[in-house]
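Please construct the entire structure, taking both the sequences and the accompanying hints into account.
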Amino acid sequence: MKVGLFIPCYVDQFYPNAAIATLELLEKLGVEVGYPAQQTCCGQPMANSGYEHLTGGCNDLFVDNFAGFDYIVSPSGSCALHIKEHLHSHDNEQAATGIRKKIYELTEFLTDVLKVEKLDAKFPHRVGLHQSCHGQRGLKLAQMTELTASPYSKPGGLLNMVEGVELIPLTRSDECCGFGGTFCVAEEAVSAKMGKDRVADHIQNGAEYITAADLSCLMHMEGILKRQKSGVKVIHIAEILNGVKEPVA
Amino acid sequence: MTTRDKILADVRRNQPPLVAAPDLAVWEAKAQAKASLLETFATVAGNVGSRVVLVDSIADLKSHLIIPPDSRVLTSLPQLLDIAKDAALFANNAPHEMENVELAILQAEFGVAENSALWVTEKQMGTRVLPFICQHLALVVKSADIVPDMHAAYLRTQGSDHGFAAFIAGPSKTADIEQSLVLGAHGPRSLVIFVLTS
Amino acid sequence: MKNHAELSEVFNKDEQRVNWHDETLWFVRQKRDKATHQIPDWEELREAASQIKHNVLSDLGNYLEQFEKNAVNNGIRVHWAVDAQEHNKIVHSILKRHGISQMVKSKSMLTEECHLNHYLEDKGINVVDSDLGELIVQLAKEPPSHIVLPCIHKKKEEIGDIFHEHLGSAKGEADPQILTETARIHLRNTFLSRRAALTGVNFAVAETGEFVVCTNEGNADMGAHLSDVHIASMGIEKLIPKRKDLGVFLRLLTRSATGQPITTYSSHFKRPRPGQEMHIILVDNGRSVQLGREDFRNSLKCIRCGACMNTCPVYRRSGGHSYHTAVAGPIGSILAPNLDMKQYADLPFASTLCGSCSNVCPVKIDIHEQLYKWRQVIVKEGYGDKKKAAAMQAMAYTLSSPKVYRLAGKAGRWVMKHTPFAVNNPLNPWYKQRDMPEAPKESFGEWYAKNRG
Numbered sequence: 001m002k003v004g005l006f007i008p009c010y011v012d013q014f015y016p017n018a019a020i021a022t023l024e025l026l027e028k029l030g031v032e033v034g035y036p037a038q039q040t041c042c043g044q045p046m047a048n049s050g051y052e053h054l055t056g057g058c059n060d061l062f063v064d065n066f067a068g069f070d071y072i073v074s075p076s077g078s079c080a081l082h083i084k085e086h087l088h089s090h091d092n093e094q095a096a097t098g099i100r101k102k103i104y105e106l107t108e109f110l111t112d113v114l115k116v117e118k119l120d121a122k123f124p125h126r127v128g129l130h131q132s133c134h135g136q137r138g139l140k141l142a143q144m145t146e147l148t149a150s151p152y153s154k155p156g157g158l159l160n161m162v163e164g165v166e167l168i169p170l171t172r173s174d175e176c177c178g179f180g181g182t183f184c185v186a187e188e189a190v191s192a193k194m195g196k197d198r199v200a201d202h203i204q205n206g207a208e209y210i211t212a213a214d215l216s217c218l219m220h221m222e223g224i225l226k227r228q229k230s231g232v233k234v235i236h237i238a239e240i241l242n243g244v245k246e247p248v249a
Numbered sequence: 001m002t003t004r005d006k007i008l009a010d011v012r013r014n015q016p017p018l019v020a021a022p023d024l025a026v027w028e029a030k031a032q033a034k035a036s037l038l039e040t041f042a043t044v045a046g047n048v049g050s051r052v053v054l055v056d057s058i059a060d061l062k063s064h065l066i067i068p069p070d071s072r073v074l075t076s077l078p079q080l081l082d083i084a085k086d087a088a089l090f091a092n093n094a095p096h097e098m099e100n101v102e103l104a105i106l107q108a109e110f111g112v113a114e115n116s117a118l119w120v121t122e123k124q125m126g127t128r129v130l131p132f133i134c135q136h137l138a139l140v141v142k143s144a145d146i147v148p149d150m151h152a153a154y155l156r157t158q159g160s161d162h163g164f165a166a167f168i169a170g171p172s173k174t175a176d177i178e179q180s181l182v183l184g185a186h187g188p189r190s191l192v193i194f195v196l197t198s
Numbered sequence: 001m002k003n004h005a006e007l008s009e010v011f012n013k014d015e016q017r018v019n020w021h022d023e024t025l026w027f028v029r030q031k032r033d034k035a036t037h038q039i040p041d042w043e044e045l046r047e048a049a050s051q052i053k054h055n056v057l058s059d060l061g062n063y064l065e066q067f068e069k070n071a072v073n074n075g076i077r078v079h080w081a082v083d084a085q086e087h088n089k090i091v092h093s094i095l096k097r098h099g100i101s102q103m104v105k106s107k108s109m110l111t112e113e114c115h116l117n118h119y120l121e122d123k124g125i126n127v128v129d130s131d132l133g134e135l136i137v138q139l140a141k142e143p144p145s146h147i148v149l150p151c152i153h154k155k156k157e158e159i160g161d162i163f164h165e166h167l168g169s170a171k172g173e174a175d176p177q178i179l180t181e182t183a184r185i186h187l188r189n190t191f192l193s194r195r196a197a198l199t200g201v202n203f204a205v206a207e208t209g210e211f212v213v214c215t216n217e218g219n220a221d222m223g224a225h226l227s228d229v230h231i232a233s234m235g236i237e238k239l240i241p242k243r244k245d246l247g248v249f250l251r252l253l254t255r256s257a258t259g260q261p262i263t264t265y266s267s268h269f270k271r272p273r274p275g276q277e278m279h280i281i282l283v284d285n286g287r288s289v290q291l292g293r294e295d296f297r298n299s300l301k302c303i304r305c306g307a308c309m310n311t312c313p314v315y316r317r318s319g320g321h322s323y324h325t326a327v328a329g330p331i332g333s334i335l336a337p338n339l340d341m342k343q344y345a346d347l348p349f350a351s352t353l354c355g356s357c358s359n360v361c362p363v364k365i366d367i368h369e370q371l372y373k374w375r376q377v378i379v380k381e382g383y384g385d386k387k388k389a390a391a392m393q394a395m396a397y398t399l400s401s402p403k404v405y406r407l408a409g410k411a412g413r414w415v416m417k418h419t420p421f422a423v424n425n426p427l428n429p430w431y432k433q434r435d436m437p438e439a440p441k442e443s444f445g446e447w448y449a450k451n452r453g
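Protein chains in written order, with the UniProt record's numbering: chain A, 1 to 249; chain B, 1 to 198; chain C, 1 to 453.
FYI, nobody ran anything at the bench for these hints, they're computed from the structure. A couple of the hints might just be wrong.
List of simulated lysine-lysine pairs, DSBU-like, C-alpha gap at most 35 angstroms [stated by the list, open to error]:
#	chain 1	residue 1	chain 2	residue 2
1	C	Lys386	A	Lys84
2	C	Lys386	C	Lys13
3	A	Lys118	C	Lys441
4	C	Lys31	C	Lys2
5	C	Lys387	A	Lys229
6	A	Lys84	C	Lys34
7	C	Lys301	A	Lys101
8	C	Lys342	C	Lys380
9	C	Lys96	B	Lys6
10	A	Lys28	C	Lys441
11	C	Lys89	B	Lys6
12	A	Lys140	C	Lys432
13	C	Lys13	A	Lys229
14	A	Lys115	C	Lys364
15	B	Lys123	C	Lys242
16	B	Lys6	C	Lys69
17	A	Lys122	A	Lys226
18	C	Lys380	A	Lys102
19	C	Lys441	A	Lys229
20	A	Lys84	C	Lys342
21	A	Lys28	A	Lys122
22	A	Lys101	A	Lys84
23	C	Lys301	B	Lys123
24	A	Lys226	C	Lys441
25	C	Lys441	A	Lys122
26	C	Lys69	B	Lys30
Derived list of chain B stretches under chain C, where covered just means 3 residues or more per stretch with a C-beta under 8 angstroms from a C-beta of chain C [to be verified]:
#	stretch
27	12 to 22
28	161 to 172
Using C-beta positions, here's what the derived DEER-type ranges look like [as the list claims (entries may be wrong)]:
#	chain 1	residue 1	chain 2	residue 2	range
29	C	Asn73	B	Leu18	23 to 33 angstroms
30	C	His166	A	Gly56	58 to 68 angstroms
31	C	Glu65	B	Gly46	42 to 52 angstroms
C-beta: ideal position from N, C-alpha, C; glycine also.
Quick look at the structure:
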């Protein structure tokens, strides 16, 4: 099994530790991982702003980089969902269709493909799990509170395999953090208010760390936590599952 | 081209290819096998602000009525004419003359367990406005006439050729002011449901 | 005119009020959850409703004709209105024929969409809204901020002041019980003295020619049954094929809206009472156009429960008026651009595309997917934000080329300037309430080249 690692642009630039943890975790689980050096972005920032017609270059690049892998794994639910729903290629639609079917967000890949049942990792902290919307409602990583259906959580299940993790309950377990791509600046007032409310829910319920399968949400919440000079930190789920060395306090 | 023809032409030009409607028989079948209908009905009725009283006869019903003196009562049940001095059988009265009706006691055709709604048609209302304009409303339903859900309810209305009919579930209410529930918005301030168990 | 972002910013000046608004609507969402979880096959019920509506949309022409024929046989006068103007004219002509200058009206979002009150007032006709919430916003000279809870943005003290001024309640009185009683007494007189009543329509049944109006207050019935002339206004998409389909829709409607198992009154109007005139106005006003938009026609399945508003994290924190259209929230944001793409170009962007709206929708409209699709249409038609366009071009150029991307990306310089959260505004609104992430010393790409390359 050869897995292509897709590291979204802002993770590459701002959160290399999450990307390294993803790579190391997959390698530890015996997966052969390739990282195509020519990759950039899934095209979502343009598409969600109404400029899907400008994403042709990104799409072609994506197809060139990833068509040859058995699976493509990304530590971002949002970017994985965008590829799954919107990747097309004028010259090679067959390859694009293949990619749409074999792209996975990290926690769903661990749960559904590798069927991971135990992890060698330790993280003795109270952790709040933020259910990022695109991962949850788009990729169905966890049951959604709106539906009348049995509960499950792929990221939650994995976190429970980590020694010492205490998952705290949230008052609103799957409310949006308000990032929303360009929404975060175009609708600054509501976006920031949503972020503040989300962060407050985690803090009130005793979180030391907020984790998620999407760094865009974490980046948003981190921005608010830092502005509030809060001691609560954000950490990508890959870093917890990889059993990282204790993050610097 | 008339407006009508224009709208119909626009609609027909733009509507998608025909898709069949789902068969609701599966829902109607599900509605058949439900137990403890009366219990469900009474619980739900309580939740929406109705009061349910089980009685074994119309005569028994009278003992549960407290009617202030000089209040006007209209009913569809001839057995109840002696409950108040100003009690009368409803008739097709002028609606504007009903403003001072304190209590209306009407027969309902059937009740629905899942939402405690009662089906009352024009025939049982006499005057359409009566169950809405009275200060208090009492409805009488036989326990055997409680159906499980709305699918079963509409099976019961098949072939009914009412000019007007309504499901009534509880007293008139509003929560428009800060989501605070207030009973007695425009219509009846209370609803008592007499369930005839015999 | 201010757009959604600007109006939201105004709304957010009072954070305590935003918290209160958010909590109040979240409470309604929770009531909805509690009610729906009591129906084990809720998801299948939604699917059935969606399919019925799909059938309706695919055969709407025939259903309209069938409904018209049966309604006429029942003694109802049927009118057709191609747009808001024609609808308003029809209402006025009916009133004029009877020499009526005062009318009572129960809730009808369609008449809000058509701005009927304004039109009739200009013709010297007085209209009183009889739904308590609508009466409150009418007295306050505001539009409703929510289709089911019209004055959900108002605090009881403010309502007390309005009632004190207009209905003579005691100064400072803010008890909902007492204020409601004040409105009850005031409106009883109105109901008894109006010869004409207008109601909305929740469902119209093609098979029988009857229509159903749902209220909790009983105000539609009080108006209609005491009137000489009953006018019911409905959008052409309100049709359903058979009476038994109501079983599906009435189970869904109020559980989705407020968490009640059913509205207090579900009134089935089939014939006028003796001596009464009953009119139905079938209104298109852009619906047939929307029907032709393949990506957006599902929006016509909407049964106006308001669940998408209650669950929307943006709506709860921006308020209904920020949408500057009759139907606010997520559903309004996919309906309004059909009516006027330029005026409502901002609305499909007033969302994070979180998808909660689509999950609560009782007829399974893919609301958040339509928001995404409207964004594409609006940009292509040239109604997008002009400042954004250049930034998007630059971004697309950079991200299409690994070389340019890597060059630009060194130490996060390019990303710092151009990532989605920084794009579009030199003053960088991100920084107003949030810190920027720290740029690490090397990107993952650089680390990988060193360690695995």
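Structure-based check of each hint:
no., hint, verdict
1, Lys386(C) x Lys84(A), "holds (29 angstroms)"
2, Lys386(C) x Lys13(C), "holds (27 angstroms)"
3, Lys118(A) x Lys441(C), "holds (33 angstroms)"
4, Lys31(C) x Lys2(C), "holds (33 angstroms)"
5, Lys387(C) x Lys229(A), "holds (33 angstroms)"
6, Lys84(A) x Lys34(C), "holds (33 angstroms)"
7, Lys301(C) x Lys101(A), "holds (31 angstroms)"
8, Lys342(C) x Lys380(C), "holds (12 angstroms)"
9, Lys96(C) x Lys6(B), "holds (26 angstroms)"
10, Lys28(A) x Lys441(C), "holds (26 angstroms)"
11, Lys89(C) x Lys6(B), "holds (18 angstroms)"
12, Lys140(A) x Lys432(C), "holds (33 angstroms)"
13, Lys13(C) x Lys229(A), "holds (22 angstroms)"
14, Lys115(A) x Lys364(C), "holds (32 angstroms)"
15, Lys123(B) x Lys242(C), "holds (23 angstroms)"
16, Lys6(B) x Lys69(C), "holds (17 angstroms)"
17, Lys122(A) x Lys226(A), "holds (26 angstroms)"
18, Lys380(C) x Lys102(A), "holds (31 angstroms)"
19, Lys441(C) x Lys229(A), "holds (23 angstroms)"
20, Lys84(A) x Lys342(C), "holds (31 angstroms)"
21, Lys28(A) x Lys122(A), "holds (15 angstroms)"
22, Lys101(A) x Lys84(A), "holds (7 angstroms)"
23, Lys301(C) x Lys123(B), "holds (34 angstroms)"
24, Lys226(A) x Lys441(C), "holds (20 angstroms)"
25, Lys441(C) x Lys122(A), "holds (27 angstroms)"
26, Lys69(C) x Lys30(B), "holds (34 angstroms)"
27, 12 to 22, "holds (count 11)"
28, 161 to 172, "holds (count 12)"
29, Asn73(C) x Leu18(B): 23 to 33 angstroms, "holds (25 angstroms)"
30, His166(C) x Gly56(A): 58 to 68 angstroms, "holds (59 angstroms)"
31, Glu65(C) x Gly46(B): 42 to 52 angstroms, "holds (45 angstroms)"
Every hint, counting from the list given before, is met by this structure.
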